[in-house]
Amino acid sequence: AQSVTQLGSHVSVSEGALVLLRCNYSSSVPPYLFWYVQYPNQGLQLLLKYTSAATLVKGINGFEAEFKKSETSFHLTKPSAHMSDAAEYFCAVSGPGGNRLAFGKGNQVVVIP
Amino acid sequence: GAVVSQHPSWVICKSGTSVKIECRSLDFQATTMFWYRQFPKQSLMLMATSNEGSKATYEQGVEKDKFLINHASLTLSTLTVTSAHPEDSSFYICSARWGQGYEQYFGPGTRLTVT
Numbered sequence: 012a013q014s015v016t017q018l019g020s021h022v023s024v025s026e027g028a029l030v031l032l033r034c035n036y037s038s039s040v041p042p043y044l045f046w047y048v049q050y051p052n053q054g055l056q057l058l059l060k061y062t063s064a065a066t067l068v069k070g071i072n073g074f075e076a077e078f079k080k081s082e083t084s085f086h087l088t089k090p091s092a093h094m095s096d097a098a099e100y101f102c103a104v105s106g107p108g109g110n111r112l113a114f115g116k117g118n119q120v121v122v123i124p
Numbered sequence: 003g004a005v006v007s008q009h010p011s012w013v014i015c016k017s018g019t020s021v022k023i024e025c026r027s028l029d030f031q032a033t034t035m036f037w038y039r040q041f042p043k044q045s046l047m048l049m050a051t052s053n054e055g056s057k058a059t060y061e062q063g064v065e066k067d068k069f070l071i072n073h074a075s076l077t078l079s080t081l082t083v084t085s086a087h088p089e090d091s092s093f094y095i096c097s098a099r100w101g102q103g104y105e106q107y108f109g110p111g112t113r114l115t116v117t
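If you read the sequences in order, they're chains A and B. Using my numbering, the first residue of the first sequence is number 12, and each one after it goes up by one. Using my numbering, the first residue of the second sequence is number 3, and each one after it goes up by one.
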């Protein structure tokens, strides 16, 4: 079984500052890892994914994440926060094949002008 | 590409009635569809996985007779909440993928309120 831990339900960041959202996973098989963004009353949009290729993954809207097997982590970063980055962010893990995504509890990101 | 729609986007129903939610893949054939439930300020919980033409596989703790899932075609899956009660009020999100691909494409969600 796979699981994900995201600490800190609310994250405040100043506009222009670094965005860092932490994700640690647990998996008994080689994991596939995902970061999704959700805007109010909308579905999920894929930001980026790791599927056993390059460990540094670049996604949309300037986000990137690095897979670190030794730390069982897949933290999400963006060098400079924009007001439009205010949203809920979810980390998710699945086994190879992508079945049965397990989501973390999410981080609500607030961007302060 | 890879667009998934849901209908309705929100619905209010009375306790004891049934509600059907549709999930459609608009530009691809979805061999597998997933249904999730999301409570306010919480994460998504997988309810069931459905493959076209076969019975859905429900997660532990999800009542099969209450949440009826039908995946009759490669572009449509439906979730019917039978005899709805206020505790069924939630945000229901579907996702779809094709073939053996790992990536799931999510619909915009349906907010159900049972009064």
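What the hints contain is simulated information worked out from the structure, not anything from laboratory work. Because the structure is a prediction, the values reported are computed rather than measured. Take these hints with a grain of salt, some might be off.
Cut-off 16 Å, straight-line C-alpha distance, at most; resulting in silico cross-link-like pairs (EDC-like, lysine to aspartate or glutamate) [claimed, not checked]: (1) A:K60 <-> B:E105; (2) B:K43 <-> A:E99; (3) B:K22 <-> B:E61; (4) B:K66 <-> B:E105; (5) B:K22 <-> B:D90; (6) B:K57 <-> B:D67.
(message) Between the alpha carbons of K22 (chain B) and E61 (chain B), is the straight-line distance 16 Å or under?
(response) violated, 20 Å
(request) Take the C-alpha atoms of K60 (chain A) and E105 (chain B), compute the straight-line distance between them, and say whether it is at most 16 Å. (result) Holds. K60 (chain A) to E105 (chain B) sits at ~9 Å (cutoff 16 Å).
(message) Need the status of pair K22 (chain B), D90 (chain B): alpha-carbon distance at most 16 Å?
(response) holds, 13 Å
(message) Need the status of pair K43 (chain B), E99 (chain A): alpha-carbon distance at most 16 Å?
(response) Roughly 9 Å separates the two Cα atoms, so the pair holds.
(message) For K66 (chain B) and E105 (chain B), compute the direct alpha-carbon distance and say whether it is at most 16 Å.
(response) violated, 26 Å
(message) Holds or violated: K57 (chain B) and D67 (chain B), Cα atoms, limit 16 Å.
(response) With a Cα-Cα distance of about 13 Å, the restraint between K57 (chain B) and D67 (chain B) holds, given a limit of 16 Å.
Checked against the numbered hints given earlier, the structure breaks hints 3, 4 and satisfies all the rest.
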